[in-house]
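Protein sequences, first through last, are from chains A and B. Position one of the first sequence corresponds to residue 0 (numbering that gives the first Met the number 0), numbered consecutively onward. Position one of the second sequence corresponds to residue 0 (numbering that gives the first Met the number 0), numbered consecutively onward.
Keep in mind the hints are simulated off the structure, nothing from the lab. A quick note: this is a predicted structure, and the numbers were derived from the prediction, not measured. Ideal Cβ placement from N, Cα and C applies to all residues, glycine included. Among these hints, one or two may not hold up.
[Said to hold, decoys possible] Stretches of chain B that chain A covers, calculated by requiring three or more beta carbons in the stretch to come under 8 Å of a beta carbon on chain A:
| # | stretch |
| --- | --- |
| 1 | 23-34 |
| 2 | 41-49 |
| 3 | 72-84 |
[As the list claims (entries may be wrong)] Covered stretches of chain A (in silico footprint by chain B; criterion: 3 or more residues with CB under 8 Å from a CB of chain B, positions within the stretch not fixed):
| # | stretch |
| --- | --- |
| 4 | 2-10 |
| 5 | 23-30 |
| 6 | 56-67 |
[Stated by the list, open to error] Straight-line alpha carbon distances no greater than 27 Å define the calculated DSS-like cross-link-like pairs of lysine-lysine that follow:
| # | chain 1 | residue 1 | chain 2 | residue 2 |
| --- | --- | --- | --- | --- |
| 7 | B | K92 | B | K200 |
| 8 | B | K127 | B | K169 |
| 9 | A | K8 | B | K164 |
| 10 | B | K60 | B | K164 |
| 11 | A | K8 | B | K92 |
| 12 | A | K8 | B | K169 |
| 13 | B | K60 | B | K169 |
| 14 | B | K114 | B | K127 |
| 15 | B | K127 | B | K53 |
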Amino acid sequence: MSTLTPLLKNRASIAWLFLILATLLSWRLGTDHGLSSDDDHRLVSSVIVLVAFVKIRLVGLYFMELRDSPLPLRLVFEGYCLVVCAAVLGTFLAS
Amino acid sequence: MSTITRAADEKVGRPKTEQHVPGEVGTWVFIFGDMTIFAILFVTYLYYRADDPKLFDASQKHLDQTYGAVNTLLLLLSSLLVATAVRAVRARKVQIVPWLIAGAFSCGLAFSGLKIAEWHEKVSHGLKPATNDFYMYYFVLTGLHWFHLIIGLFVLSFLFYLARKPEMSKRQFGFFEGGACFWHMVDLLWIVLFPLLYLVK
């Protein structure tokens, strides 16, 4: 453990805690049957999709270490998150 | 002489502001190519869902979200272990690296086991790719992701082999970083697939 502890004192570990909490939140939201109308489902589903894209951005920046990569590589990744999130949400909401 | 110590020295010694491409540029062409194919599949799935949202939502009710959520947690844990392994190589704490990679590999194996159990459960209840469009997408998307996970397990095996070497060359460390990023991509794709298939309605 004495070897592991300093290695875990890192931004990636904080990102990881956030990722776990966000997963549990989405799981809870996505399985909550207390919602009545379709509009509620659409709103909650949109939030869940947004959270998923925030999560993959964190995986890219802190696990793949793109935060410390040259700007073009980071921009391609940030662009991917933004464009795919917009396309997924747009297609979902258009239904 | 290019040894792990030197590779590590260069990494550890680099100023905080210095930028660095993890792995090799070729790795990123491959990773973004794969991510783009999946992005197209995400949108295609939602596009066809729009044709018959009631059928998709009714079919989704037969999925067990627990499988999807536990698998997400397993991949997140494996990603943390792999990211920590990369930092451990840099910090020259090499003795812990094989353990971290073996831990990540076990998480991946558990994911695969749960996925196969879930498929088996569905098929034994008569829910097959031919059942309807939802199940066709469910099996294609989870199957394609599983295929990537299996490739990822082979990649992790090679990282384990590298981690057990007393010395890692700079080129080998580049492969180590690139392999780690491939594993993170397997995690990243599942982070989107899980809500799309299991939660969104």
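*Looking at the structure, which of the earlier hints fail to hold?*
Violated hints: 7, 8, 10, 13; rest satisfied.
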